[in-house]
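**Q** For reference, the chains in residue letters:
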Amino acid sequence: MNLLEIIKSALRGITSNKLRSALTLLGVLIGVGSVILLTGVGNGSKQAVADSISSLGTNTLTIRSSGGSGVQVRSQSLTMDVVDKLSDSENAPNIAEVVPQLSSSETVASSITSSTATIVGTTSNYFAVTNSTVALGTKFTDYDVKRDAKVVVIGATLAETLYSTTDVVGDSITIDSVVYTIDGVLAVKDSAGTSDPNNSVIMPISRMQQSISGYGSLSTIVIQATDSDSISSAQSEATSVLMEAFKVTDSSDLGFTITSQTDLLTTLSSTTSTLTAMLAAVASISLVVGGIGVTNIMLVTVTERTREIGIRKALGATRFAILGQFLIEATVLSLLGGLLGVAVAYALSFFTIFGVQPVILLSSVFLAVGVSVGIGVFFGSYPANRAAAMRPVDALRHD
Amino acid sequence: MTMPVTASQPTTAVIDVQDIWKSYGEGEQQVHALRGVSLRVDEGDFVAIMGASGSGKSTLMNMLGCLDVQTSGSYHLDGVDVASLPDSKLSVLRNRKIGFIFQAFNLIPRMSAQSNVELPMLYAAVSRDERRQRARAALKLVGLADRAKHTPAELSGGQQQRVAVARSLVNAPALILADEPTGNLDSKATTDVLDIFQKVNDAGRTVVIITHENDVAARARRVVRMFDGEIISDERVLPVVATGDVAS
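Note that the protein sequences, when read in sequence, are chains A and B. Here my numbering = 1-based position in the first sequence + 1096. Here my numbering = 1-based position in the second sequence + 754.
These are calculated hints, taken from the structure and not from any lab test. None of these values were measured; they are calculated from a predicted model. Where hints are given, some of them may not hold.
Keeping only pairs whose Cα atoms sit at most 27 Å apart, straight-line, the calculated DSS-like set for lysine-lysine is [as the list claims (entries may be wrong)]: (1) K1104(A) to K903(B); (2) K942(B) to K894(B); (3) K1104(A) to K894(B); (4) K1235(A) to K1181(A); (5) K942(B) to K1104(A); (6) K1114(A) to K903(B).
Start from the sequences and build out the full structure, keeping to the hints where you can.
**A** Put into structure tokens, the structure is as follows:
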């Protein structure tokens, strides 16, 4: 009896009781489908996080004054002087751009209404480094920074709030009774931090110091490495420049911190990985339950077909042929269930689940189908063995 | 090349049973279903084994069919010592040497008559085309060529038993072993099935029928009667058919 014949007779066994086979298939289908779909949800949320982090700007590091929290009691103040030192390509060859930032929350008024927005005072390279594109109008220039120009670029949401349109280039806004001209409007951008970049006002740092924040320390300095490979070199260069500038020697108490987007990405992706693993674990339970369903049904089938087994053995079926027939029957059941599970998971992945667009991992498909077939073989082997070990004289007496 | 002269022996023994015992249970509860049965059946013979229920004839049938193992004694089937064989070898032996016919027909319900007849050849690894051909020939022999596509449920009892006879013949076995083959049949169907047995035996095939019906036994060349696990009479009715050209 060759393999094809065994498979054929197994298929005949499956189709002989369609409802029962369909219900068993459904068990495996749900198991495999939920494993694939839920890992897809986990993966989808991970990708969403990664996308929003990379939208912050790649190859960038953020320097903050560490505000004296925890064990670090020292707090250095970041000044424009530090910015100049970091910009010096002799001190820091791996640092391409240095973007000083001042930020505060202020009330912004148009001729129509007013709203609260984040005000960012910075230099003109801010736009390139943070991947902020200007959708309408233009960004401000180095010259605007030099002459403390009263010009701003505002976020799309803020434009909508203030003027009910994004077509506001040339209009003006008032902050703390100073009137600014809107030079440009930013393209809509994913928010990936605490502040919404679409609800902000970007202005020359010199103007911000003069009219809003005063000449104190900077909020943050964002630096951009020359390329993604030189981020760690850039980080150590920045550290040594700052340590020299602040005359700090104790590396455990610097008074400032340098974080990279990669650090942020690692932290967040480890969180989402835990989420994915938990979802997969829950889904695996249903896969195991589906497997137990296969065993259950195969046990019933073997009992029901005891007489047939007796007949087949009397006619010359070897132990191997009987074992093969029932094992293949179990495997075909779980494989079919697995493949249908993949199809269902694929179909459902086009919908948003828990607010996440699932991204199906190819590895999870292979894993889930592989596991379901493995379950078929594993859980099918006990009933199949029982069938194969029956003595023909006993099996024939059964009715 | 010199060979021992075998012509002096009457014919090859298909069945050679020596002092077979079959016991169930232990100690005082022990029951002996067979008490030292010895039987020799030559090629081409047609033997009816008769006896009331409880006489041990079904137990003997299970032994002869290699479906069960004896407690003691020896059994050679077509020259092969059965006692020494493991389960898997017994399956192969049954497949090649024995064609079974059961009282309850024992066809597989979901399969067509044709597929049922092909089954023993499937386990004998016969090619697909040859299986088709031989199954069709066997069905034709039992007069059911036009019922090949029908499932057992669509056939009468007599037709089902004739399919079972066709199935028993396809591997050209040394022994056709029938256990109460007409027990579930009416007289017309009984005659049909017995006619086929006679035809098969006339062609030289060895047939052993277990029965308690006298009209069945009347067709046999030899009648063996059993009582309480022992053979009480062994009566030759007709001589054994001349062998040599066993038609399949």
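**Q** Next pair to validate is K1104(A) with K903(B); report whether the Cα-Cα distance is within 27 Å.
**A** holds (17 Å)
**Q** Decide if the proposed pair is consistent with the structure: K942(B) and K1104(A), CA atoms, cutoff 27 Å inclusive.
**A** Since the Cα atoms of K942(B) and K1104(A) sit roughly 37 Å apart, the hinted pair is violated (cutoff 27 Å).
**Q** CA of K1235(A) to CA of K1181(A), is that 27 Å or under?
**A** holds (25 Å)
**Q** Sort out whether K894(B) lies within 27 Å of K942(B), counting only the CA atoms.
**A** holds (19 Å)
**Q** For K1114(A) and K903(B), compute the direct alpha-carbon distance and say whether it is at most 27 Å.
**A** Within the cut-off at roughly 22 Å; holds.
**Q** Check whether the Cα positions of K1104(A) and K894(B) lie no farther apart than 27 Å.
**A** Holds: K1104(A) and K894(B) sit about 26 Å apart, inside 27 Å.
In summary, the one numbered hint that this structure violates is 5.
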